[in-house]
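K.L.:
Dock chain F against the given chain Y, drawing on the hints supplied.
2 protein chains.
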Amino acid sequence: MNIKVDLKKNIDDSYDVVIGELQPQHFKKACIVTNPTVSALHLEYLKSKITADELCIATIPDGEEYKNMETIEQILGVCFENRLDRSSYLIAFGGGVVGDMTGFAASIYERGCNFIQVPTTLLSCVDASVGGKTGVNNKYGKNLVGAFYQPKGVFVDPRFFDTLPSREFAAGVAEIVKMAVTFDAEFFSFLENADLRDKENLLKAVAKSVEIKASVVAQDEKEHGVRAVLNYGHTFAHVIESETNYTGYLHGEAVAIGMVMANTLAMKLGKISEKDAARVKNLLEKYNLPTAYGVKDAEAFYDKFFLDKKTKEGSIKFIIPESIGGFEIIKDTPKNIVMEALNEFLA
Amino acid sequence: MNIKVDLKKNIDDSYDVVIGELQPQHFKKACIVTNPTVSALHLEYLKSKITADELCIATIPDGEEYKNMETIEQILGVCFENRLDRSSYLIAFGGGVVGDMTGFAASIYERGCNFIQVPTTLLSCVDASVGGKTGVNNKYGKNLVGAFYQPKGVFVDPRFFDTLPSREFAAGVAEIVKMAVTFDAEFFSFLENADLRDKENLLKAVAKSVEIKASVVAQDEKEHGVRAVLNYGHTFAHVIESETNYTGYLHGEAVAIGMVMANTLAMKLGKISEKDAARVKNLLEKYNLPTAYGVKDAEAFYDKFFLDKKTKEGSIKFIIPESIGGFEIIKDTPKNIVMEALNEFLA
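For the protein sequence lines, the chains are Y and F, in the order given.
The first sequence begins at 0 in numbering that gives the first Met the number 0 and counts up one residue at a time.
The second sequence begins at 0 in numbering that gives the first Met the number 0 and counts up one residue at a time.
Looking at chain Y on its own, in the form it has when it is part of the complex (with noise of 0.2 Å):
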């Protein structure tokens, strides 16, 4: 099955989202980057599937904490040592550290090489891999420092979903969930229903976010309007992993919770009814994911919201279902209101 991510300004930029086993491919010069961990599992099975004249393996260490300019300097220097050129190949073969690692990296190798996403967790199939978003943290904030650059192509081989740890299913799971309460009350409903630990439902669901997310990042690929959306639970989660040090918790986890935190606020303005809101939370729940935070200090958590890139020019900007399957995005959140939400999760 192939998913079009066919961007309007920019066409000669649009590619596919293949979903299926990987098809054979060959390259001139090429670099996989993968990490230790994903690299035992599968290292052998993406060779005997990704050949190339002259191939080479950057493998940087496992984690949110190395998602940094050390680890792409890393890369680069594989790729230099290696001789790539700006025709070559990068494939980023891992979670979505390695694809936005792999992808940021390639966008300034030589000012942009070639890149693929091989992604091997749920999280990055649904999500990262798609839409060209690239960066790494630093010491202020989550994806600070990054680009806007496209994969020549995704390829999500539904194999690797057999030896995802059941934190790394259910993290993806949480984006899933994403999608279906922003954009369609539908696939919530059948997320309901369906039990994604069986392989038929989860390809279904896959797809479906797949194809929501190319949908919305042809419309809006740099994110000016429309694709904001897709944030929902972020703003709330990027404070949460930078409190907790990209350590505590998986990017999808904070992911839940942050989702329950906007759920809170979109209650408190009037938005989303309890009803829905218990929905989505026991959807959560269903699949083991955190739902509940202790904020230590209410002014700090809020005072780190303006360290996002989505808050522009000093006024953040919350993404808030009205129900399930409409989002709202708000700007002028009193920030007393916002208080209130937080208040609700004083540790």
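Hints were generated in silico from the structure; no laboratory data involved.
Do not take every clue at face value.
Where chains are identical, the list cannot tell them apart; a pair therefore holds if satisfied intra-copy or between any two copies.
[Said to hold, decoys possible] Restricting the straight-line Cα-Cα distance to at most 25 Å, the calculated cross-link-like pairs of lysine-lysine (PhoX-like) are:
1. Lys316 / Lys303
2. Lys303 / Lys27
3. Lys7 / Lys221
4. Lys221 / Lys27
5. Lys8 / Lys295
6. Lys7 / Lys151
7. Lys334 / Lys27
8. Lys316 / Lys27
9. Lys330 / Lys27
10. Lys285 / Lys316
P.N.:
Below, chain F without anything else, positioned relative to chain Y:
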């Protein structure tokens, strides 16, 4: 005078190069990126023209040897500390080094914020500030890490030419000569007959160079074809700059030598005539530009070509004048002919 850089594949990113006294502009949040030399001479003037509700200044060390990722981190740090966002403006105020780094910093700051160029050197006015090539050097070579990222505008104010040291002035002339040799025989004749130390002649030459550059970039923003011609002399120059640790020559000086070396190769390939090659050399020497270089080890020099970005799939791409005002891009030059040319420059 306004010259449009009209990007065919990317019309949203088209912009103007404005030649003439800088007109007042006001921004919400902006960061001026400059160096101590330019700052001492001209910052007060710039601040009388460019104002912002919130204005900060990143002063970076002066010189090509600081054109690296550490300096990029310094610029980004100032932007984060001052909480610039995606709608903010970085203002590149200096020569090519400041412009290339400011543009690169803007391209990766929160996945891309705005920037404008206010070039203060002749070289930057006629070449570097136009066209969106940004980046830094590293231990593998020059401009090997960077992005194609267009400014929102380029503002060429001739007042800065008055304070240029004569070496800096001549370095700019080298790039003007480059445009003429490759694209415009009539312009070359003008340069032979006019003294660019005369301001009226200089402004004519600047405008003509910007026109040529803008038209080339408009056709081929990302250097898949004709834009490579602007690298005439640069393939050699980059090796010279690398061998002299970016401190022996100004970029334009290395390009002057590089054009003479490229012409020597061109003659060996039966392209440019001896007479026309002498005209180019004479014109460069009229501005006291260097035209000789002592190659220590021709094999080592040759080997360094392969780290150049323009070296695709192991074949070096030489830009060779056929005659004054005409070029050829030659991809498969036999090594022995290149070595013959290099041997003429042995120390």
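K.L.:
In ascending order, which of the hints set out earlier in this document are inconsistent with the structure?
P.N.:
5, 10
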